[in-house]
Amino acid sequence: MPILFRKIRKALLSGNSATKYILYAIGEIVLVVIGILIALQINNYSEEIKKREIESVLLNNLFLEVDLDIRQITENTEQSLTRLAMLDSVIKKLKHPETIDKSSFLQSSYNFVIDNYFKSNSGIFDEAVSSGKMSYIQNERLRQQIFNYYRTVKESYTDGTTRQVTDEFITPLLIESLMMNTNGFDLIATDLATIAPLDSLNLAGLQKNRDFWKMVLLKFGSNQEQIGRWGLMKEDAEKLKQEIEKEIKQI
Numbered sequence: 005m006p007i008l009f010r011k012i013r014k015a016l017l018s019g020n021s022a023t024k025y026i027l028y029a030i031g032e033i034v035l036v037v038i039g040i041l042i043a044l045q046i047n048n049y050s051e052e053i054k055k056r057e058i059e060s061v062l063l064n065n066l067f068l069e070v071d072l073d074i075r076q077i078t079e080n081t082e083q084s085l086t087r088l089a090m091l092d093s094v095i096k097k098l099k100h101p102e103t104i105d106k107s108s109f110l111q112s113s114y115n116f117v118i119d120n121y122f123k124s125n126s127g128i129f130d131e132a133v134s135s136g137k138m139s140y141i142q143n144e145r146l147r148q149q150i151f152n153y154y155r156t157v158k159e160s161y162t163d164g165t166t167r168q169v170t171d172e173f174i175t176p177l178l179i180e181s182l183m184m185n186t187n188g189f190d191l192i193a194t195d196l197a198t199i200a201p202l203d204s205l206n207l208a209g210l211q212k213n214r215d216f217w218k219m220v221l222l223k224f225g226s227n228q229e230q231i232g233r234w235g236l237m238k239e240d241a242e243k244l245k246q247e248i249e250k251e252i253k254q255i
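In terms of this note's numbering, the sequence shown is residues 5 to 255.
Honestly, the hints are just simulated from the structure, not real lab data. Heads up, a few of these hints could be off.
Mimicking DSS-like on lysine-lysine, the simulated pairs with C-alpha atoms at most 27 angstroms apart in a straight line are [stated by the list, open to error]:
id: 1; residue 1: Lys123; residue 2: Lys243
id: 2; residue 1: Lys250; residue 2: Lys137
id: 3; residue 1: Lys97; residue 2: Lys212
id: 4; residue 1: Lys123; residue 2: Lys250
id: 5; residue 1: Lys245; residue 2: Lys137
Using the sequences and the hints, build the whole thing.
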């Protein structure tokens with residue numbers, strides 16, 4: 005483009021005069037300005053391409069992270085439901101305590117103090133926030149949706165409450181109602197027969213043991229609350245995953 009302008013200018017300035025010299029000087033300035041503008045345009049275009057490449061990589065990585073969250077929630081939910089079903093089966097055996105193998109009953113009861121906890125895979129998001137890369141996501145609505153999602157999953161109180169309930173209430177109740185007997189110590193290969201006059205586990209007595217049923221109530225209540233909360237988080241994660249996928253296809 006500058007070469008074309010230069011040829012046209014030389015054709016117009018074939019004579020010798022002060023006016024033509026001024027026109028020549030002005031032409032040189034115009035050519036320089038045009039060259040600068042073209043260079044800036046090319047540079048801006050290159051910068052825009054780089055930004056879109058960064059955005060594409062970021063969105064693809066966030067897509068994978070959200071997918072990991074979904075898988076983790078699914079696995080946690082399945083394991084918790086299986087555990088509750090197992091405990092429910094153990095509890096129902098108390099209808100006929102005389103048929104229960106005490107050792108197996110106690111081993112199955114360890115599930116009262118086992119829980120699953122969700123921890124979001126937020127490494128990519130955290131790095132993008134600290135480095136300022138989140139600003140490369142052009143879709144403002146999607147960007148806000150991403151922020152809202154991670155704020156929600158990180159501030160979830162349900163798992164923390166479940167952990168506290170298990171540590172501070174269920175575990176002591178398990179020890180008191182099920183383990184403080186000769187059968188409980190047998191599980192840890194400790195014979196107290198000649199040391200402490202403990203009784204064997206009274207399975208029939210568990211039917212009216214308030215500590216035992218308090219433990220059952222806390223376990224099922226806290227885990228079911230977890231499962232419900234995970235379900236809501238999974239819905240949000242799946243919606244976000246779909247929106248990210250749409251945006252990736254448009255880049």
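Here's how the hints hold up against the structure:
This hinted pair checks out: Lys123 and Lys243 have alpha carbons roughly 19 angstroms apart, not beyond 27 angstroms. Note on Lys250 and Lys137: the hinted pairing holds, with a Cα-Cα distance of about 19 angstroms set against a maximum of 27 angstroms. Between the alpha carbons of Lys97 and Lys212 the distance comes to roughly 14 angstroms, so the proposed pair stays at or under 27 angstroms and holds. Distance check on the hinted pair: Lys123 and Lys250 sit about 26 angstroms apart at the alpha-carbon level, within 27 angstroms; holds.
A threshold of 27 angstroms between alpha carbons decides the hint, and for Lys245 with Lys137 the separation of about 19 angstroms falls inside it, so the pair holds.
Hint compliance for this structure: every hint is met.
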